[in-house]
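Trainee: Next come the chains, spelled out residue by residue.
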Amino acid sequence: MATLKELAEAVGGTVVGEENVEIRNVAPIEVAAEGDITFIANPKYASWLARTGASAVIMAGEGHGSDKPLLLTPNPYLAFAKILGLLRGQRPEPRGILPGARVAPTANVAEGATVHPGCVIAEGCSVGSGTILHPGVVVYENAIIGEDCIVHAGAIVREGCRLGNRVIVQPNAVIGSDGFGFAPDGGKYFKIPQVGTVVIEDDVEIGAATCIDRATLGTTRIRRGTKIDNLVQIAHNVEVGEDTIIVSQVGISGSTRIGRHCTFGGQVGIAGHLTIGDNVMIGARGGVAGDLKGDQVLSGVPVMPHKEWLKASMSFAKLPEMRKEIGRLRRQLEELEMHIKKG
Amino acid sequence: MATLKELAEAVGGTVVGEENVEIRNVAPIEVAAEGDITFIANPKYASWLARTGASAVIMAGEGHGSDKPLLLTPNPYLAFAKILGLLRGQRPEPRGILPGARVAPTANVAEGATVHPGCVIAEGCSVGSGTILHPGVVVYENAIIGEDCIVHAGAIVREGCRLGNRVIVQPNAVIGSDGFGFAPDGGKYFKIPQVGTVVIEDDVEIGAATCIDRATLGTTRIRRGTKIDNLVQIAHNVEVGEDTIIVSQVGISGSTRIGRHCTFGGQVGIAGHLTIGDNVMIGARGGVAGDLKGDQVLSGVPVMPHKEWLKASMSFAKLPEMRKEIGRLRRQLEELEMHIKKG
Amino acid sequence: MATLKELAEAVGGTVVGEENVEIRNVAPIEVAAEGDITFIANPKYASWLARTGASAVIMAGEGHGSDKPLLLTPNPYLAFAKILGLLRGQRPEPRGILPGARVAPTANVAEGATVHPGCVIAEGCSVGSGTILHPGVVVYENAIIGEDCIVHAGAIVREGCRLGNRVIVQPNAVIGSDGFGFAPDGGKYFKIPQVGTVVIEDDVEIGAATCIDRATLGTTRIRRGTKIDNLVQIAHNVEVGEDTIIVSQVGISGSTRIGRHCTFGGQVGIAGHLTIGDNVMIGARGGVAGDLKGDQVLSGVPVMPHKEWLKASMSFAKLPEMRKEIGRLRRQLEELEMHIKKG
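Protein chains in written order, with numbering that gives the first Met the number 0: chain A, 0 to 342; chain B, 0 to 342; chain C, 0 to 342.
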C-alpha cells in the first residue's frame, strides 16, 4: 500500500488532485475499484476517465478537467509497470541453500542467494547474491550465474555458460545445449563436439522452453537488455545485440549476428551466417534469407518492406482470377489479330 | 480381459455373433490376432473385415454378412477409444506422498493423490484426490490442482495458477510463465510485472513443452475440454473457449479470445488482441491478423476461405510464367497498335 | 595434447611439414594461435593459410606450397570434428548411482553408468554401461536406455520407450509423451489412450525441448543415425528413416513415414499420413501436404522444386504491379477493339 504522492515520487510524476489517496493495487480501467490505480496509455480509453471506479489514474497530459486524482507522467505505461512492481512485485527474503538442493563442494553460492529444493549445482559453479534458483534448476560444471537473477523451475544452464546480473530465465528454458553440427562422413553424420559456451549479459530475459545453443568454438552471446519470449530457438554461435525483442517461436540459425534494438515478431525464421543491422523490425512469420541493413520494417518470405508485403499479400488471393484474366486477354488479343489480318 | 458382451455393454453397442469371445487387447486391423478387438471407422478398411485375424470388430452399420463377431455402434472410433481405455488404461492405485517428494507444511495434498519423488510443492498449494504428480513436477506457492489430474514429469505450475479436474499435463509443459510484456523506457525495456494467473478448466489437456503464460493482470484461461498439443505458445491474457483443438507449434499472441469448438492446425499463428468466433477451423500454418467471425474454414496468410487458398496456392508456382505472359501480351498489344496506326 | 603426427594417425590423414608440433586445442582460423590446429574446409578461407597463427592446418589437397605444418585429408571438416573430440571431448569416468538419484528396486543400472542427483528411474527400467543420465532426468517404468548414451538434464523418457546405444538427448527433451488423439463425442473430445511406445535407434541425437510422441498403438520410430535439432515435434506413429537431418522447430504430423538421408530445414511442416522418399531435401519453412518421391530438393507451401520456388518467391513482391499491368492491358485492348470496330 502507498499513497498516490509516494507513487508519484517513486516514478517521477506529478499529482493532480488528492495526493493522500491510498493505493493498494493496480487494475485495468474497466474493472478498477476503490483502492486501485489504473492507467490510460492509449487515447481511445480517455472516455473511461469519467467512468472508472479507480481511486487514481496514471496518464499523460493535463487531466482534461476531471476531478479524479491523477498521476501525470509523459510515459504512463512505464509508470504503470513501475507501480505494479512497487505494489506487487516484492522479492522474497533470501533463504540460502534449502534442504533438498545439492550444491557441489567447489561451487560458490553467495550468502544472499536462494537455492530451492531439487536444484543441482555442479563443481566450480558460482551463484551471485540476490539470485533465486527455483526448484529443479540444474547448473552444470563451471557455469556462472550473476547477482539478482531469477532462474525458474526446470531451467538448465550447461557447463561453462555465464549469466550476468538481473537475468530472468523462465521455466524449462535451456541455456547451453549442444549446437546442431555434424560433419558428413559418407552417408552418415559425425557429431562435431560443441565445446564453446553461451554468455547471457545483464538484464536479459529468456522465455519458457526457449533453447540457446552453446557455440561450436567460442561463444553464443545475448547482449544486455534483450528480451526473448517462449519457445525460441537460438542456434550456436549466434550473437544478438542489446535491447532486442524476440517474440515467441522465432528461430535464428547458426552464426547469425543480430543488431541492437531489433524487434522480431512471432515465428520469424532467420537463416544462418547472416548479419542483421540495428533497429530492424520483422513482422510475424517473416523469413530472412540474406543480410539486412539497419533501420527497416520488413515482412514476408523472403522479407520485403512491410508495406509492399501488405499489398502483395492482399493480391495473393486474387491469383486465380489474375490467371483467368491473363487467359482472356490472350484469347481476345489473338481474335483481334486474326480479325485485323483477315480485314 | 473382457468378453465382447461386457465391452458392448460398457460402450453402449450391440453384439452380432458370438458374445462370449474373450478380448485381451486392441490392435490395428492389419495386425490384429486372436484375442484382439479391432475397428473399422473408415469405409476404405471394410474389405479387411473378411481378412483380419481379430477376434471381433467394432463397426457401424449391420455387419455386411460376415460371421466375425461384431460390436455395432454408430461411432466406432469412439468405442475403440473407450475400449482401449478399459483394456489398457488402468489408473494405478494412489500412493500418497512418496519419499523424495517435498511438500511444504501448508500445502494440502489429498489422501488419494500420488506425489512422486523429485516433486516440489510450495506453501499454500492444494492437490486433489486421484491426482498424480509424476517425478520432478514443481508447483509454486498457492497453486491449486484439482482431482484426477495427471501432471507428467518436469511440468511446472507457477504461483497461484489453477487446474480443474481431470486435467492432463504432458511432460515439461509450463503453466504460468511470465507474460512477455515490457514498457519502452528510452531505447531500453522495463519489465512489466506479470501478476495475473492461469486457469485451466476441467478436462483440458496440455501438450509436452507447451507454454501458457500468466496474465499481466487478471487471468489467462483455457476453458473446459480444450486439447492443446505439444510446443504450443499461449500468451498472457489469452482466453480459449471450450472444446477447442490446438495442434502442435501453434502460437497465440496476447489478449486474444478464441471461441469454442475451434480447430487450429499445426504452426498456425494468431496475432494479439483479436476475437475469433466459435467453430473456426484454420488449416496448418495459417496466419490470422484480424478478428474472425465463427463457422468458417480458413487457410493461408492472411487467412482466407480454405478453398480460395487452395486455388491461390496452386497458382503461386505459376507466378513467373504469369509475369512472362503479361510481358508477351504487352509486346503483342503494342505491335498490334503500331500495325493499326501505320495501316 | 597430442602431436600432429598422432592426430593424423587418429583421423587417417597425412602430415606435410613438422610432424612433432604439439597441438593442444582447436580454433577458428581467424583467431587460432600457437598450440592450436585449425582447418580449411571452404576454399574461400584458403588465403588465411599464410596468415593464421595456428601451429597446424587441416585441409584437403596438397598444401599450396605453405611451410605451415599441414594435416592433409580428403574431408577436412570431418577431421576437424574428430580432432575436436580427441582434444576436448573426453568422457568423464563413470560414477555409478550418485546420492540424490532415486532408482527403483527392479530397475537395472549397469555398473559403468552414471546417474546424477535428481534422476528418478522407475520400476523395470534398464540403463546400459557407459550411459550418463544428467541431473533431473526422469525415466518412467520399463523404459530401456542402451549403452554409452548421454541424456541431459531434465529430459523425460516415458514408460516402455527404448533408446539404443550412443543416443544423445539434449536437455528437457521429451520422449514418449502422449500422441494427440481424440475421438469426437458430440461436440466434445474423448481421449484415445496412447498405449504404444517410442523407439530411438542407435546414434540418434534428440535436441533440447524436442518432443517425440508415443504411438497410439505400435511404435513411433527414429532410425539409426538420425539427428534432430531443438524444439521439433514428432507426432505419434511417425517413422523417420536413417541418417536424416531435422532442423529446429520442424513439425511432423501423425503416422507420416520419412525416408532415409533426408534433410528438413528449420520450421518445415509435414502433414500426417504421408510417405516421404529417401534423400528428400526441404528448404526452411517448406510445407508438405502430399506424398513425396525420393531424390528431390523442394521448398515452399505447398512444396515445389526449390528453383521454381526461388523464382516464384521473387515474383511475389511484384503481384500488385502485375495486377495493375493486367488492368492496363485490359483497358488498352478494349480501346483498340473500339477503335477497330469504329474504323
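Calculated from the structure, these hints are not laboratory results.
Note that this is a predicted model, so its numbers are computed, not measured.
Glycine is no exception: its CB is placed at the ideal position from the N, C-alpha and C atoms.
Heads up, some of the hints might be wrong.
What the hints assert, rightly or not - With a cut-off of at most 27 Å between alpha-carbon atoms, the simulated BS3-like pairs for lysine-lysine come out as follows: (1) A:Lys317 - B:Lys190; (2) C:Lys323 - A:Lys306; (3) A:Lys306 - C:Lys310; (4) B:Lys310 - A:Lys323; (5) C:Lys317 - A:Lys323; (6) C:Lys306 - A:Lys292; (7) A:Lys190 - C:Lys43.
Said to hold, decoys possible - Take a look, some chain C residues computed to stay more than 12 Å from chain A by CB distance: (8) Ala1; (9) Glu5; (10) Ser46; (11) Ser65; (12) Gly95; (13) Ala103; (14) Glu158; (15) Phe181; (16) Ala208; (17) Gly217; (18) Leu273; (19) Ala316; (20) Lys323; (21) Lys340.
Unchecked claim - Listed below are several chain B residues computed to face chain C (Cβ distance under 7 Å; list not exhaustive): (22) Gly129; (23) Pro134; (24) Gly186; (25) Leu230; (26) Ala283; (27) Leu328.
Trainee: Determine for every hint whether it applies to the structure shown.
Mentor: A quick look at each hint next to the structure:
no. : hint                : result
1   : A:Lys317 - B:Lys190 : violated, 43 Å
2   : C:Lys323 - A:Lys306 : holds, 17 Å
3   : A:Lys306 - C:Lys310 : holds, 21 Å
4   : B:Lys310 - A:Lys323 : holds, 12 Å
5   : C:Lys317 - A:Lys323 : holds, 18 Å
6   : C:Lys306 - A:Lys292 : holds, 26 Å
7   : A:Lys190 - C:Lys43  : holds, 24 Å
8   : Ala1                : holds, 15 Å
9   : Glu5                : holds, 18 Å
10  : Ser46               : holds, 18 Å
11  : Ser65               : holds, 22 Å
12  : Gly95               : holds, 16 Å
13  : Ala103              : holds, 19 Å
14  : Glu158              : holds, 20 Å
15  : Phe181              : holds, 23 Å
16  : Ala208              : violated, 5 Å
17  : Gly217              : holds, 27 Å
18  : Leu273              : holds, 22 Å
19  : Ala316              : violated, 5 Å
20  : Lys323              : violated, 10 Å
21  : Lys340              : violated, 9 Å
22  : Gly129              : violated, 16 Å
23  : Pro134              : holds, 4 Å
24  : Gly186              : violated, 29 Å
25  : Leu230              : holds, 5 Å
26  : Ala283              : holds, 6 Å
27  : Leu328              : holds, 5 Å
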